[in-house]
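**Student:** One-letter residues, chain by chain:
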Amino acid sequence: MSAEAGSRDFEALEAAFREALIAAGVVRDDEVAERVELIYSRTPALGARVVARAWFDPAFKARLLADGSAAVRELGIEVGTLKLVVVANEERAHNLVVCTLCSCYPRMLLGLPPDWYKSIAYRSRAVREPRAVLAEFGVSLPPDVAVRVHDSTADMRYLVLPLRPKGTEHLDEAACAALVTRDAMIGVAIPAAPTSASSAP
Amino acid sequence: MSTAAHARFVPGDRVRVAQREVTGHVRTPGYIRGKRGVVERICGAFRNPEQLAYGVWDGPVVPLYRIRFAQADVWPAAESALDTLDVEIYEHWLERDDA
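Chains as they are written, first to last, in the numbering used here: chain A, 45 to 245; chain B, 169 to 267.
Quick caveat, the hints were computed from the structure, so don't treat them as lab data. Hints should not be assumed to be uniformly reliable.
Reference listing, derived: stretches of chain A covered by chain B, where coverage requires no fewer than 3 residues with Cβ under 8 Å from a Cβ of chain B [what the hints assert, rightly or not]: (1) 95–103; (2) 159–173; (3) 180–191.
C-beta: ideal position from N, C-alpha, C; glycine also.
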């Protein structure tokens with residue numbers, strides 16, 4: 045069976061299940077539509093805003109690391125029941141997030157996870173050979189940088205706070221946020237300073 | 169989420185994950201069972217997913233921890249002695265490690 049055919053089977057199953065729940069009065073059509081809209085309205089730009097704020101405001105960063113959900117709400121980002129743990133990269137430590145059991149992901153801050161995050165290959169290899177996985181994403185860490193892998197097995201969701209790239213001192217917070225990619229907040233990428241003409245010597 | 173006031177362990181405690189074979193919905197990955205680590209933080213207390221998965225919505229809450237393992241203590245051929253692996257584990261899967 046192809047992946048596409050399998051996906052069609054799940055779509056039919058989802059539709060049948062949703063219609064049964066609506067018929068039984070468990071949920072309403074508009075509630076389902078509202079939820080779908082909410083999920084699609086979430087993009088990595090939200091997470092990037094949080095990261096840039098932490099780069100510019102050390103006190104916010106401290107609160108973010110102590111209680112991720114509360115700090116994110118300070119920015120007016122409603123995250124529902126999310127229990128957010130923010131893990132900060134350091135000069136000598138790099139963080140990587142995975143969910144070996146399924147595909148737990150901070151959707152309220154990053155939107156839907158990429159397909160590779162849900163793949164068996166990523167889920168099984170990220171905990172076992174994180175440096176090899178990172179190298180395949182183009183991230184080669186020096187031997188004196190520790191890799192901290194976080195397996196989201198239960199109620200917490202994880203966001204990596206990358207280091208602010210060197211050469212961004214002249215940028216404002218919004219410009220810095222634009223450098224923060226989804227992959228950097230999962231931990232499989234490192235944000236880079238822009239290489240535009242304006243930042244060239 | 170209730171308080172974690174009744175948590176048996178505190179950050180820094182050395183623990184061992186139970187080596188337990190169970191069937192059904194469990195959120196303790198097989199690869200970490202029997203491994204030794206250190207409590208990194210208490211995450212709070214949550215209803216037990218092993219009950220929630222079977223429709224028991226009003227069971228007791230269980231303290232949840234993040235346990236930090238050295239990669240070298242989990243995998244025989246770990247890539248680096250510096251690397252760690254943090255996993256969320258419910259209290260009923262943890263034993264004090266006095267070894």
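**Student:** A separate judgement is required for each hint: does it hold in the structure or not?
**Tutor:** Here's how the hints hold up against the structure:
no.	hint	verdict
1	95–103	violated (count 0)
2	159–173	holds (count 3)
3	180–191	holds (count 5)
Hint compliance for this structure: hint 1 is the single one not met.
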